[in-house]
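Colleague: For reference, the chains in residue letters:
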Amino acid sequence: MDPVLLARIQFAANISFHILFPTVTIALGWVLLFFKLRFNATRDERWMEAYRFWVKIFALSFALGVVSGITMSFQFGTNWPGFMERVGNIAGPLLAYEVLTAFFLEATFLGIMLFGFRRVPGWLHTIATVLVAFGTTMSAFWILVLNSWMHTPVGFEMRDGIVHATDWWAIVFSPSMPYRLAHMLIASGLTVAFLLAGMSAWRWLRGDRGPAVAVALRTGVIMAAILAPTQLVVGDLHGLNTLEHQPAKIAAMEGNWQTRGNVPLVLFGIPDERARENRFEIAIPSGASLILKHSPSGVVPGLDQFEGLHPPVKPVFYAFRVMVGTGMAMVALALLGAGYLWRRGTLPTVLLRGFVLMTFSGWLATLAGWYVTEIGRQPWLVTGVLTTAQAAGPVPAASIGTTLAMYLTLYALLLSAYVATLYRLAAKGRISEAVPGNAPIPQTA
Amino acid sequence: MTPFLPPETLALTFAALMAVSILAYVVLDGYDLGVGLLLQATPEEAERDRMVASIGPFWDANETWLVLGVGLLLVAFPVAHGMVLTALYMPVALMLCGLILRGVAFEFRAKAGTPLDKRRWDWAFAGGSALAALTQGWMLGRYVLGFEQGLAPMLFATLAAFGVAAAYAFIGACWLIWRTEGALQVRAVAWARDVLWVVAAGIVAVSVATPLASARIFARWFEMPNLLLLAPLPAATFGLILGLRSLLRHMPLPDDKLRHVPFWGAVGLFCLSFAGLTWSFFPYIVPERLTLFQAASAPESLSIILVGAAFVLPVILGYTVLAWCIFGGKARDLRYD
Numbered sequence: 001m002d003p004v005l006l007a008r009i010q011f012a013a014n015i016s017f018h019i020l021f022p023t024v025t026i027a028l029g030w031v032l033l034f035f036k037l038r039f040n041a042t043r044d045e046r047w048m049e050a051y052r053f054w055v056k057i058f059a060l061s062f063a064l065g066v067v068s069g070i071t072m073s074f075q076f077g078t079n080w081p082g083f084m085e086r087v088g089n090i091a092g093p094l095l096a097y098e099v100l101t102a103f104f105l106e107a108t109f110l111g112i113m114l115f116g117f118r119r120v121p122g123w124l125h126t127i128a129t130v131l132v133a134f135g136t137t138m139s140a141f142w143i144l145v146l147n148s149w150m151h152t153p154v155g156f157e158m159r160d161g162i163v164h165a166t167d168w169w170a171i172v173f174s175p176s177m178p179y180r181l182a183h184m185l186i187a188s189g190l191t192v193a194f195l196l197a198g199m200s201a202w203r204w205l206r207g208d209r210g211p212a213v214a215v216a217l218r219t220g221v222i223m224a225a226i227l228a229p230t231q232l233v234v235g236d237l238h239g240l241n242t243l244e245h246q247p248a249k250i251a252a253m254e255g256n257w258q259t260r261g262n263v264p265l266v267l268f269g270i271p272d273e274r275a276r277e278n279r280f281e282i283a284i285p286s287g288a289s290l291i292l293k294h295s296p297s298g299v300v301p302g303l304d305q306f307e308g309l310h311p312p313v314k315p316v317f318y319a320f321r322v323m324v325g326t327g328m329a330m331v332a333l334a335l336l337g338a339g340y341l342w343r344r345g346t347l348p349t350v351l352l353r354g355f356v357l358m359t360f361s362g363w364l365a366t367l368a369g370w371y372v373t374e375i376g377r378q379p380w381l382v383t384g385v386l387t388t389a390q391a392a393g394p395v396p397a398a399s400i401g402t403t404l405a406m407y408l409t410l411y412a413l414l415l416s417a418y419v420a421t422l423y424r425l426a427a428k429g430r431i432s433e434a435v436p437g438n439a440p441i442p443q444t445a
Numbered sequence: 001m002t003p004f005l006p007p008e009t010l011a012l013t014f015a016a017l018m019a020v021s022i023l024a025y026v027v028l029d030g031y032d033l034g035v036g037l038l039l040q041a042t043p044e045e046a047e048r049d050r051m052v053a054s055i056g057p058f059w060d061a062n063e064t065w066l067v068l069g070v071g072l073l074l075v076a077f078p079v080a081h082g083m084v085l086t087a088l089y090m091p092v093a094l095m096l097c098g099l100i101l102r103g104v105a106f107e108f109r110a111k112a113g114t115p116l117d118k119r120r121w122d123w124a125f126a127g128g129s130a131l132a133a134l135t136q137g138w139m140l141g142r143y144v145l146g147f148e149q150g151l152a153p154m155l156f157a158t159l160a161a162f163g164v165a166a167a168y169a170f171i172g173a174c175w176l177i178w179r180t181e182g183a184l185q186v187r188a189v190a191w192a193r194d195v196l197w198v199v200a201a202g203i204v205a206v207s208v209a210t211p212l213a214s215a216r217i218f219a220r221w222f223e224m225p226n227l228l229l230l231a232p233l234p235a236a237t238f239g240l241i242l243g244l245r246s247l248l249r250h251m252p253l254p255d256d257k258l259r260h261v262p263f264w265g266a267v268g269l270f271c272l273s274f275a276g277l278t279w280s281f282f283p284y285i286v287p288e289r290l291t292l293f294q295a296a297s298a299p300e301s302l303s304i305i306l307v308g309a310a311f312v313l314p315v316i317l318g319y320t321v322l323a324w325c326i327f328g329g330k331a332r333d334l335r336y337d
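Residue numbers (this note's numbering), protein chains in the order written: chain A, 1 to 445; chain B, 1 to 337.
Hints listed in this document are in silico derivations from the structure and should not be mistaken for laboratory results. Be careful, since some hints might not be right.
DSS-like mimics (lysine-lysine), calculated; alpha carbons at most 25 Å apart, straight line [said to hold, decoys possible]:
hint: 1; chain 1: B; residue 1: Lys-257; chain 2: A; residue 2: Lys-56
hint: 2; chain 1: B; residue 1: Lys-257; chain 2: B; residue 2: Lys-118
hint: 3; chain 1: B; residue 1: Lys-330; chain 2: B; residue 2: Lys-257
hint: 4; chain 1: A; residue 1: Lys-293; chain 2: A; residue 2: Lys-56
hint: 5; chain 1: A; residue 1: Lys-428; chain 2: B; residue 2: Lys-118
hint: 6; chain 1: A; residue 1: Lys-314; chain 2: A; residue 2: Lys-293
hint: 7; chain 1: B; residue 1: Lys-330; chain 2: A; residue 2: Lys-56
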């Protein structure tokens, strides 16, 4: 097999496994802080009970994120030595700042946050929680700064084929950075909202209806109802930004083969790269023109403009539909859930089941979204500067294949252990007897 | 950013920063991995829990020094990073698997559903620690001989693998002498005593092999006046080993006196060995092939990192000390509440 393809699969496997856990910890850190602050303000035990349950899931997710992140830091060098040689002058400082301002902070205060509750004064424990949440967010910030620069590189000049930084301000705030950062932070919030709601709904349906389960469920549903519609707007803005800076990616996402006006919005179809058209297309006439250009006759660049230099259409096209479809389902369920909570103070069984079903929907949407944006950048690694093939290293396919099999086995094992542990922790709750069929969820203080 | 230091000074500064990170890593994660290596040496579950508890609040921050060390290599010496990591592709992958297993076992064993499940994660913990320690030693052995191929270098790397694992087990045992009490502490003293000989043998082996492998290194150590100037280094190492040996014979002392001395003695051994290696290889970053001055990246980029590091590193040191104070003294059971 082609070593570049193998190196990509290995890196993709690693980064896909890794992103699952930061996506949980970034927002869960802030949710834990919220629980802690509510407890500080109300002295109501249920907030602390919710904190104690979710901090265990936080700790587990954090550990998985750390170890898979360390693997990432090595794979930059082992899989893509050309990346650092060519753009190391920009990627290097950004990664260094992540380690210096985020990694040490979160790693050190995590110990105090997890195990220091009985050893340090309450205020110091709260500060440790703040710093861990801040650290995870800073880490996301620096990584998204680097990733955004790779999509929309600015603030540099080429000298002897090597990128040299000329304007750090421009590099940090590259054109796609604000959109990407907002989109990812909200994605993390949504992942945690549905995880909170889904796990709590599962406990609730089993008859584990303590006040701590109820507050976590309410927090999750309300968070989802606020964030899901916001994400729709932010995602749309991110898409418009991509249209401006990476039109080939948008063309692949929309399955739009020709540059023209009145571009239909393809709901579903099978892109055929040979015939350069979609088969079995179901589309809304002029829909894509309306969304992207805000006019039915708006001309949208198609894939014909980028022949030979556009990403593979199928994976981008499908992943985009998975992301948007999951997102729409999230919006619908979250709004329904919040409506019921507001009007009736309770959730009907069918909605609770819906939340259980959607427990890991955030993971699905986040992975699909990252596939859209990362595959959508191909064949480039750094748009217009460096192709993925140029960055690959001299490691033979056999070595990459062996280590890939090793990593995949390990990840499959760990992911199943993670999910199993989540449910085992959730199943530990006390089940109260004589559970009324549709008991109201207690109001929060 | 305009560079404010000459390129050579910048390269030296970054080499020093990287050296400090790597030394901090081998000392700090060294004792973590060492405790992991020793985990299965006790049949008592309560003792294993206590051993894990003694490193629980620290391991994550300790491991971050590896990210910083490799990060600095990547950032400041990208060409060397490519050469080293390509040459060590397989052991690096194995080490990462070991570190992954060790890191997640912390959490999974604490949340295990059944005793059997917990035992399995104990094995993952010990196995992961062993894999990481052995591969790190193997990589050191390969690095010292400049990634030469052949039977002798491979044998040497195997020896180095066990030497580093023994050194980690030693500092891990010393950590347990400091941080635990009762039967476990007595056990830890015995572990430290037993493994000290392997550590001494490892230090001697590397010290003999390096000058023999390279005429340049030989000259560096055995020409006058270097021989006299450097004599304190092996003398101090030798003295420290003898001192530790006689101290460990009498531990634990009444009132638990000197409980932290073996650990700091082990740190001393690590520092002396590291100093010896540094003296042998400076200014090479890839032995006999690439000097750190040849490998350094653009001064502008190094400058901007240095400014950040100058502000942030003291803060990191500050809160690391804070965490050590909070979790000082004898280890207690770890509680998430």
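Colleague: Quick check: which numbered hints come out false for this structure?
Modeller: 1, 2, 4
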